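**Q** Listed below, chain by chain, are the residues.
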Amino acid sequence: MVVWLAVLWVYATQFVAGVVVVRALDFDGSPSARVARALVLGPMAVAVQCVVYSLVAVPWNLALVLVPWWLAGVAIVTRRGIRWSPQPRSHAERALFAGIGIVFALSVWFGLSLPMIAGDAVANFAVFGKLLAVHGGLSADVLQSVKMPGHPEYPPLIAINEALVFRAAAPNGETAIRLFFSFAWLAFAFLTFEAFRELERTLAVLLTALVVATPLLWEFGHNGYADLRLTASGLLLLLECRRWLSRHDRRAALGVALAAAACALTKNEGMMLAGAALAFLLVTGFRSRSLIAAAPAALVMVVLGGLWPAWKLTHGIAEPFLAGAAEQGVDIGRVPRIVGFFLADMFRSQAHGSLSWGVLWPLGGVAIVVCGVLRDRRVWPYVIGFAAHLGVYTAAFVVTPHPLEWHLATAAPRLLLHTLPWLIFVLVCGQRALADRDRAFDEQVDVGLAGPPVDDGRT
Amino acid sequence: MTRIRWYTTVVGACLLFQGYQLCVSVLGDLTRALRDGPAFVTDPGPPINFERSAFRTLKPIAALIPPQSRVLVVTAYPNPTIPWDYYFAGRRIVFLQRVVRASGKVLAPALRQSWFAWCDYLERHHRAWTPERQAEELKKADYLVEFCPGLPLPERGLELIATREHTRLFRIHHKELK
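Protein sequence lines, in the order shown, are assigned to chains A and B. Going by this note's numbering, the first sequence opens with residue 83, and the numbers climb by one from there. Going by this note's numbering, the second sequence opens with residue 24, and the numbers climb by one from there.
Simulated from the structure, these hints should not be mistaken for lab results.
Here are the computed distance ranges between Cβ atoms for each label pair: (1) A:P485 / B:L53: 33 to 41 Å; (2) B:K163 / A:F429: 49 to 57 Å; (3) B:W29 / A:R430: 21 to 29 Å.
A short, non-exhaustive set of chain B residues, derived as facing chain A with CB atoms under 10 Å: (4) Y30; (5) V33; (6) V34; (7) F40; (8) Q41; (9) G42; (10) Y43; (11) Q44; (12) C46; (13) V47; (14) S48; (15) V49; (16) D52.
Given the structure is predicted, the values throughout are model-derived calculations rather than measurements. Each residue gets a CB set at the ideal place from its N, CA and C atoms; glycine is no exception.
For reference, chain A alone in the conformation it holds in the complex:
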């Protein structure tokens, strides 16, 4: 019982750290949007804190890591108060949140019924988490000792947060760490709703439910892989970039920077997203003459995103994929097979399998066709973003030193998951194009029914 209270304390602190960050940013969104941000940014903040502790040789004692966040929470609430401001919800929205709550509860229950068993989840993250917990900090020697099955070069956000759970949970750690991934699912669900909120309410609810009901997301909500957390961070990054475009101020820029840092610290693929976000922030800041707002955020992004690569470089942890890729060389002949594999995976639908996308990608294709037919150009930035994102992954497969078929089978579904934020906004654009056309049609009908204005002699 005491052990589980300690585990809860760790998870609560990860959330409180996020609340502190969100409150410091003075983010003014809905409660679910703020909870989602806290769930994404909290573990990032804790990971940064632990890396800094290691740099200055402070051991990862639970109290030393966790208590400062509670003190910061109390300080910020005392100074700025609690901003909750619940908004009136429709019946459909209440039903959606109830559904999300039920699936989340089932995910927690299912996660806690089994220890972590999936191969990469164990070898790439959980073992490192356990090792860091045992060692009480980052250690190049300790990480190198398991480089054969695992990847000590992977960014440490997952491993560090799991390490704290291992420290709290002792023998139950292999099971207790699963909760971390259910929280990523919850954050993704709330962020998806935020993305669809610009649509008509019922449609937003239906589309959110459609996306979060994807079986593959359920699977990644407890299997211990970093990919759903990266997808949630990527979606947050896209939302923050849109926010930055609508209001070029420092807080919006900082939102972009922190979401990018969360991506960079979660997976190597997130480094790429962070790099793209940095370029986006600087270019748009320059073009809108908001470079003064963008520059400090860019600096924050470089410092937080560069924390792990700098640590790796200074501790001699190599990137084996790049070395292997250099040896392998470029094989352009692989491209049709790679693209074909991605396309086939988009349409994968299994009656009893959890790695199914259902109707999600076909629906995205329909949305693009709709936008093309209705000449709605707002969809193209997202289509281009998706193509560029998948293009980079295709390039990685072109030079992969691993057997191609094996690498595609093991990595392609996960990589496709990373591109989900683009698909969500493609769906938004498709629905918006249809709604705009209907509105224009309705207005024409209304004008037609009303007929020409009649001069009744009173004017």
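Mind docking chain B on chain A? Use the hints.
**A** Structure of chain B alone, referenced to chain A:
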């Protein structure tokens, strides 16, 4: 009152399909967890990638070993996703894990079957694996299953171990043969 547009109906229909798929996945997982409990962990299920290789390899090897035997498995990677207990059911398994640095220096052993156990072991003992230690375990074992003998272990990933010719990767020794 808001009109229900045709595309809202289409999205609703898609949601029904998606929801059905989710229910099948969730109920399938929960039913298995409830029905099988901890055994679910060792249920090989539909083998994929290296699990499939392990399935093809471990099953015939395990069949050669009589029940109640004490089996020493020497491996660089006692992956918990490989259902060792399932295939070696009825046999007493002891794992001796060799984790070797690139330099060839042996770093640490584990006597149980998962990396987590290795971490626990590291935490408690942190002592080097030695040939004497293996010899000591061999005295007590009826059978030795040596995982991936003859290959330089440190630089080999699991996929390499599992996708090579399995008969050469798993060598089974009866105690009398030693």
